[in-house]
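**Q** Those protein sequences? They're chains A and B, same order as listed. Numbering follows the numbering used here, with no gaps: position 306 of the first sequence is 306. Whatever position you read off the second sequence (first residue = 1), add 307 for the numbering used here.
Hints in this document: simulated from the structure, not taken from any laboratory. Because the structure is a prediction, the values reported are computed rather than measured. Ideal Cβ positions, reconstructed from N, Cα and C, are used throughout, including at glycine. Check each hint, because a few of them may be wrong.
What the hints assert, rightly or not - Each computed BS3-like pair below joins lysine-lysine, with the alpha-carbon atoms no more than 27 Å apart:
id	chain 1	residue 1	chain 2	residue 2
1	B	Lys470	B	Lys366
2	B	Lys468	B	Lys403
3	B	Lys538	A	Lys165
4	B	Lys499	B	Lys538
5	B	Lys403	B	Lys470
6	B	Lys453	B	Lys403
7	B	Lys403	A	Lys165
8	B	Lys403	B	Lys660
9	A	Lys165	B	Lys520
Claimed, not checked - Computed from the model, here is a short list of chain A residues facing chain B with C-beta under 10 Å:
id	residue
10	Asp91
11	Thr123
12	Ala148
13	Leu151
14	Asn160
15	Thr163
16	Ile174
17	Tyr175
18	Thr178
19	Arg202
20	Ser206
21	Glu209
22	Leu254
23	Ser260
24	Val266
25	Gly275
Here is what each chain is made of, one letter per residue.
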Amino acid sequence: MAAGLDPAQGLGGSAAGGRRRIGGALWRRPWLKGLSLLAPPIVFFVGVYIAAVVALFVYAFWTVDPFTSLTVHTWTGENFRELWHGATYHDVALRTILIAAAVTLTDAIIAFPFAYYMARLATPRMRAVLFVLVLLPLWASYLARVYAWQLILNQDGLLNWLTAKLGLPPANLIYTNTAMWLVFSYIWLPFMILPVYAGLERIPHSYIEASRDLGAKGSRTLRSVILPLALPGVVAGSIFTFSLTLGDYITPSLVGGPSSQFIGNVVYDSVNGAGNLPFGAAFAVVPVLIMGVYLVIARRLGAFDAL
Amino acid sequence: MTKRMWALIAMLAVAAAFPAAGASRQSGGTLKMVAWEGYLEPLWVKPFEQQSGCTIQAKYAGSSDEMVTLMRSGGGNQYDMVSASGDASLRLIYGKDVQPVDVSKIPNFKQLNPAFRSPPNNTVGGKHYGVSLQWGPNILLYNTTKVKPAPTSWSSIYSPKYKGKITVPDNPIQIADAALYLMKTKASLGIKDPYELNSTQFNAAIALLKQQKPLIKRYWPSGGQEVNDFKNGNVWLGAAWPYQLSLLRAAKAPVKDVIPREGATGWLDTWMVSAHTKNLDCAYKWLNYISSAKAQAQQATNYGETPVNAKACPIMNKLSPGSCAVYHANAPLAYFKQIHFWKTPIADCGNGKKDCMDYTKWQQAWTQLKG
């Protein structure tokens, strides 16, 4: 902090001559300009973000004395051994991954036609309205939106009121994995629509005209031109929906049922309940690894070209 | 512009420093307390602060496990006191996180109901580690329009009749409820105390809970969530606290409670003092104040639990007519006997073999049960 303030004070307190001298120095050495722009974010990134991730990895190799709850600073793979052999943790990890994948797929299917309409068919005015509509839910608290879903899915809630009006049997959705899938798909949808929109918008209109000139029908153009070119956008969006679902623990605890624990819930219970930060840290490494693999695949598919 | 900006930053810094300066002016010191939500309400905290000159800072915890973790955080010097339930208190005592208190310095101690002066969950080897506060049973709560006939046994939450409409707390100590049911229905297991289980008895309790799991709508994470589930028809019956009952009654929901014929588990909370506190004076003042009949009655009627001060009853009835009887504050000793108060399961259950399942095992089994 103090180191960060000093140059600013120097700038503020000095006369115009001093300022010109600094300006000259920056002009003569362009790398200095880049460095001074990047220094604060780099300090933050390394000092706060990377440090926290490193601490996570280090903690994962420690243990907690069950009697005193104090951390034992001895290197051991005990936590990982327990994760490897514990069938419960396999189930929890698998459930987390499968639901994250289902949510991603659902969002991709819903987002694509929506984004296509926004990018290629809507008038500029309509497009602005749709943008606001997509972003509007993000203005409300995440928690409030999950609670709103509780109100919809409750036994005496909106959904069952509707099914009763239609003469259908009540849907027993609250506190099930289906409810989690539904709520996650809703919550993360904007994070899929926007990258897909960006991907679709970048496709030059001339490509589509060329496809038509060569005699391709609409479906062939979609399959052979639009989809391949939009894929990086879809993959970029999937990084958001997949990783956000993977790390969540609030939605499972509010709309999940008796068998709906996510990795995040087990981490929360080990840290807040059992006071076992090392075990929580070890389990938290799992989603990091999963995302690592996911990002490598996403890179292969060209997701980062769309950024 | 830069000068104005620095002036602004300086002003912000001064503003940020002020509340701290205000707090340190207090002569009596500040008690940082880990408590259940609803245990440090202004109604009885404000008068204490005025009388004693001590300030109270509340940190609310959601579970006994979280309380133990908080009391141990930062080497145990973060908090001065804790309103520990019986499933946390022994862990804190054996972990040397709390210190013995001299009850002769607490005049109101003599007013406590004798049954709660030296309960095994806060008194070890004749030493009092804190003063009992309030207690309550874990009741069987049910929706009177849906559950007919009215249940009289815990078997109703283990049988498929109300499949998908049952709720129990998301808490490892719930294993004791299963053990209590087995203690009364399966004598061959030889369970004497639902908190002292050898591996055979423990496995039988877990097997019962596994069999119950498909019947469960939800393991409730907080009292407020259970109240919502009863209101919205998501669940019809389940294990609950009198707190939920009073909230649901206030909302005119059709619910009733019963202590089933097998008896019930219950909690007894204790104000304990951190072994590392620097505010012992204030801590003793608080222990005496919160044991007084008036403060006890206020907390009891406000939260929905039972005071341990034997003289609190008339004040309770003044605050809320009939509340003394509702919360069994004047119940005979036979009533307490059917309640098995929470205590931390430890390996040593007094038979010299140390073959009981300790709380870590309970936690692991609970995580695996939820899966």
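**Q** Provide an ascending list of the numbers of those earlier hints which the structure does not satisfy.
**A** 1, 2, 4, 5, 6, 7, 9, 11, 12, 15, 18, 19, 20 and 21
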